[in-house]
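Residue numbers (our numbering): 1 to 100.
In case anyone wonders, no lab produced these hints; they're calculated from the structure.
Treat the hints with care, as some may be off.
What the hints assert, rightly or not - Simulated pairs of lysine-lysine, DSS-like, Cα-Cα distance not exceeding 27 Å:
{"hint": "1", "residue 1": "Lys55", "residue 2": "Lys17"}
{"hint": "2", "residue 1": "Lys65", "residue 2": "Lys93"}
{"hint": "3", "residue 1": "Lys37", "residue 2": "Lys50"}
{"hint": "4", "residue 1": "Lys55", "residue 2": "Lys65"}
{"hint": "5", "residue 1": "Lys7", "residue 2": "Lys17"}
{"hint": "6", "residue 1": "Lys82", "residue 2": "Lys93"}
{"hint": "7", "residue 1": "Lys37", "residue 2": "Lys17"}
{"hint": "8", "residue 1": "Lys65", "residue 2": "Lys82"}
{"hint": "9", "residue 1": "Lys65", "residue 2": "Lys50"}
All of these numbers come straight from a predicted model, not from anything done at the bench.
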Amino acid sequence: MSAMNAKGYEEYLLLRKSVEALVAEHENLVALTTGLKNELSDVRRQLAEKNEEVKELQTRLERAKFSGAILGSVEDAAMARKRVSELVREIDKCIALLDR
Numbered sequence: 001m002s003a004m005n006a007k008g009y010e011e012y013l014l015l016r017k018s019v020e021a022l023v024a025e026h027e028n029l030v031a032l033t034t035g036l037k038n039e040l041s042d043v044r045r046q047l048a049e050k051n052e053e054v055k056e057l058q059t060r061l062e063r064a065k066f067s068g069a070i071l072g073s074v075e076d077a078a079m080a081r082k083r084v085s086e087l088v089r090e091i092d093k094c095i096a097l098l099d100r
């Protein structure tokens, strides 16, 4: 084999190793991306569940405050009257929108 052919063959082997390394890295990145997408999907699902849980707890808290106001203190009663007024205004707005 001539010196020129030997050098060309060495360059070929080096290039081949580089391409194989790039292919392996690409496969690793694809696997990582897939895993991260799955993890993101799971986290989004968990976030949606937690948001629903927060809404439910807020509703329960409002009910508890309202029922406490009916049963108890002056401060709670004032809060209940305010909340009822807000709800009435909201209902009035809805009725006005329906009348359009």
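Outcome of the hint check:
1. Lys55 to Lys17: violated (56 Å)
2. Lys65 to Lys93: Holds, at about 25 Å.
3. Lys37 to Lys50: Status holds; Cα separation ~20 Å.
4. Lys55 to Lys65: Between Lys55 and Lys65 the Cα gap is close to 15 Å, so the pair holds against 27 Å.
5. Lys7 to Lys17: holds (15 Å)
6. Lys82 to Lys93: Satisfied, since the Cα-Cα distance of roughly 17 Å is no more than 27 Å.
7. Lys37 to Lys17: violated (30 Å)
8. Lys65 to Lys82: holds (12 Å)
9. Lys65 to Lys50: Answer holds: Lys65 to Lys50 is near 22 Å, not above 27 Å.
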